[in-house]
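Same order as they appear, the protein sequences are chains R and Y.
Going by the numbering used here, the first sequence opens with residue 5, and the numbers climb by one from there.
Going by the numbering used here, the second sequence opens with residue 3, and the numbers climb by one from there.
Keep in mind the hints are simulated off the structure, nothing from the lab.
Hints should not be assumed to be uniformly reliable.
[Unchecked claim] Heads up, simulated BS3-like pairs for lysine-lysine below, C-alpha to C-alpha not over 25 Å straight-line:
hint : chain 1 : residue 1 : chain 2 : residue 2
1    : Y       : 389       : Y       : 427
2    : R       : 200       : Y       : 389
3    : Y       : 184       : R       : 200
4    : Y       : 59        : R       : 200
5    : R       : 193       : Y       : 184
6    : R       : 25        : R       : 200
[Said to hold, decoys possible] Pair ranges (Cβ atoms, derived):
hint : chain 1 : residue 1 : chain 2 : residue 2 : range
7    : R       : 49        : Y       : 14        : 38 to 46 Å
8    : R       : 176       : Y       : 136       : 55 to 63 Å
9    : R       : 157       : Y       : 55        : 25 to 33 Å
10   : Y       : 98        : R       : 426       : 29 to 37 Å
11   : Y       : 100       : R       : 200       : 35 to 43 Å
Computed from a predicted model, the values in this text were never measured in an experiment.
Think of the CB as a built atom: it goes at the ideal place given N, C-alpha and C, for glycine as much as any other residue.
Here are the chains, one letter per residue:
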Amino acid sequence: MAFPEPVLTKRIPLNPADRKKVWYNDYVATGGYKQLRAALDMSGQDIIKTVTDSGLRGRGGAGFSAGQKWSFIPKEKKTTHYLAVNADESEPGTFKDRHLMEWDPHQMLEGIAIACLATQCDIAYVFIRGEFHHGTKVVEQAIKEAYHHGIFGNNVMGTGKKIDCYVHRGAGAYICGEETGMLEAIEGKRGWPRNKPPFPAIAGVFGRPTVINNVETLCCVPHIMERGPAWFKTMGTPSSPGPKLYGMSGHLNRPGVYEHELGITLQQSIDMAGGMKGGAFKGAICGGISMGVLAQHQLDVKLDFDDVRFRGGCLGLGTAGMIVMNEHTNMVRALRNCVRFYAHESCGQCTPCREGSAWMKKILDRIVDGYGKARDLEMLLELEKTMGSMPGTTICGLADGTAWATRTFINKYYDEFAAACPEETTKRVSLPISRGNREVATPMGSNTR
Amino acid sequence: MPKITVDGKNIECKDRTNILQACLDAGLERPYYCYHPGLSVVASCRICLCEVEGIPKLVPSCQTQVRDGMVVHFNSSKAVANQKQTMEYLLVNHPLDCPVCDQAGECLLQDYSYEYGRAQSRFEEDKAKKPKKDVGLNVLLYSDRCIMCTRCVRFTREVSGTSELYVDGRGHKEEIDIFPGKPLNNKLSGNVVDLCPVGALLDKDFLFQQRVWLLKRTPSISPVDAGGENIYLEWNDGKIYRTKPRYNSGVNKWWISDDTRYAYKAVNAPNRLRQAMKTELGMPTACSFNDAAETAVAKLKQIVVDHGQGSLYAVLSPMMPCEEAHLLGTLIRSIDPQATLVLGPVPRGDDDVFMNYLDGSETFRIQGEKVPNRRGVERVMQILGGKTVDFATFIASTSGATKAGWIAGGYLSDWIGTELPAPLKGGFKVVQDILPNELTRNADVLLPGAAWAEKAGCWENYQGAMQAFDAAVPPPEGARVEGKVFHKLLGRSGMYDAAAVRVSLGEPFVQAVLPTEVEMAGEPAFEFVEL
Ligand SMILES: Cc1cc2nc3c(=O)[nH]c(=O)nc-3n(C[C@H](O)[C@H](O)[C@H](O)COP(=O)(O)O)c2cc1C
Ligand code: SF4
Ligand code: SF4
Ligand code: FES
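All chains should be modelled from the sequences, with the hints used to inform the complete structure.
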């Protein structure tokens, strides 16, 4: 396996000073939209086969085979098909799609156009996170250019095919990144995820067949079309081929977006970003906080869709948005931060997620305030189990994310958590009822805030 | 018809129904909050999750369609663990103020706590505090009791189509709310109170009036329009406290209009007529009911002798049950075989049509004809034959042929106005009514009557459905059920029994039957424990 040159970021130099926005002319000058031209002469099935053969797996978090997903769309077209592009990048620690959209938007648009051809989609919606003000402007400008040059519209590259592409801005809710939550949001409703089945491939946005893909996934498509599945597989691991953007942040010397093949080790990724800053490595959130945390001894875990899961003990690679933490990090506070995010972002539909995340947050708040008790950890681990990991208890994966973060943090840093939650003494004082009244003596002897 | 196995029991279900509904249809109680057969399925409360053999995940039974041969477990360890946990989650932020909550006794949260909950709370943190809100003319929202099942929100979108309610905020901070300046004042608003599985949405009218376990209920029919909505009157100690819808797939489904809901107030009105009167020496004088009734008949007989046949009339109000209308008609014809039968006034407005906000399909219609039994009374008049006219024709007539009459009212509000129409001005009038009006003040003989809630009978609605209702409470002291009065005046033996009169009338009146105890218990309503 090798990674000789950047693929997705070939037009985006690593050094920020050299970066320049890639508009239509620059994009075409560097070989852009050639693959769309080629794809226009191919049948949809051939495109799907090429992408399936390449083994491209979704970069939005779930890692589902992109080609397979496309193949679920009805072959016989009875109504409008839609493509929903998931650019609602809100997972903490993840900022790769933003990088792609802000610097090289046409790469994504070419991917969109090819995906539309493959699945006979008439309309593509790019659902952009509300906070991406700049990114939205860039993508809108690029779409305008694309319409102007006949990439979109009623006559795609003069072939008479029809593809429309619109930007739909989110209003800043994490849950609108969940695929069915996004569909509801596109329909103009509250972003409450839907129960599945029916799956979006059969009844998605406006009840029509809908393909949902992440920005990075679509950006891979033109390159696969250009150089073929075999080339794609020279990068990455057999089960997770291809290049990947790693969003490196945290206690690192040179945080940022780095491209490398899938399956590099955690240590390699840290080195790529200039190594640890301010202290030795303690842990890394591996793919957005929903995936859980990799511990000190797991530096050799390979960052691909399977190793992180099976050897790393996390939910998966997720988005490869890494938050690296050094030895001075307080893991209890780190977890509290994560859970606070979920309690804030839970859409509030499912009872376990709505109540459980808030409950966990309150317990963690109390522990951080110095009022932790030994049975709090048991409680947290039990809540975590009932919330997400018993499959099917909630509608979407946000609850799983909460559960995995909590589980991996507590299990992997048990001692640290146990120290914050001392055994109860016989002198145990019942907890103050109201948050304002914290002057009461506590099991720890004094108020440790 | 697919057959499925639920916890070892084999049940047959309708095609394309979901597991939960199939269980409920088969009389198997299974826990649920957000599901309602009349609304879309959101499967968000997650208490109804069950295990289906062959599917690794727990699945929401309210959303999963039955398939032939499915084996479903609600009592497997996984499913039970979920039920327990969901209950605990629902209760962590619940104020547990059952002692002062109107819903206590018919609250799904209470019921399932007994079954699935734990006795002690493990929640040591502060409960979320949420405000009480005045959301509409009839409805209060205690948002701290809400479990976010969104039934109320779905109702305002999918049935009333008015979309006043929505979910504000996100996660544990979310609350049901109304849009600013757009209160929940549609004509179906009270239904959200019935829908709410907990005590979050409350009826201002019923607020702190009664503990629900003291209430008994009687099946009845709406008196406010020709829709014939099926209802329960709920009462205690001879007083009605509230009205609840009674499911009828062909008529009102699960819903009733607010007019129906609050119609009972006329029954409890403080100014109900209680004292029989007759005119003596030109002065209205209080007398006993029997005295008044006998005077009335004697006087009418005298008038027929004096003026000949055809000088009497009877106004049969469309508020009357068919049975009573028939008895009054028979009575007047027994005195004067040529008597005119007049159909009481039928006030009409426009239909109120409610539509689903999404697809615009009609979901509910409040009939514009604001009386319950025009069709039934017309049918009775047809049976009785002879001279029959409607009210407008009657009051327009100037022939002066009719000298005296018997007028039955029973309307829930003033129906005659301040100026009596000419044919009713002079002449001898026997008036039977429940509320004072110009006519009762000018009556020669006044007989206080019973409101619909105080008697049994049947009404024919706009669809031609003949529907029976029963007496919930006794009439106020001094007033009498009209049917009993006519029965006695006709000299019939035994007790007056509306059902027996119905049988004697034959088709289609006999189609009106009261629901049996079993049918009432099998409804998705709640059971009442009598103390
Ligand atoms: C709570 C939640 C949030 C998500 N947020 C995002 C997101 O912001 N961006 C994204 O691309 N995918 C997100 N996903 C994943 C999507 O549901 C979906 O799997 C993905 O968009 C599919 O695209 P892919 O197959 O190309 O990865 C989220 C999933 C969950 C459960
Ligand atoms: S799991 Fe949480 S975020 Fe997902 S639908 Fe349920 S309540 Fe909403
Ligand atoms: S107010 Fe009642 S009906 Fe509405 S969401 Fe809350 S619990 Fe459900
Ligand atoms: S009743 Fe099925 S999830 Fe609420």
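Where does the structure disagree with the numbered hints, that is, which hint numbers, in rising order?
2, 3, 6, 8 and 9
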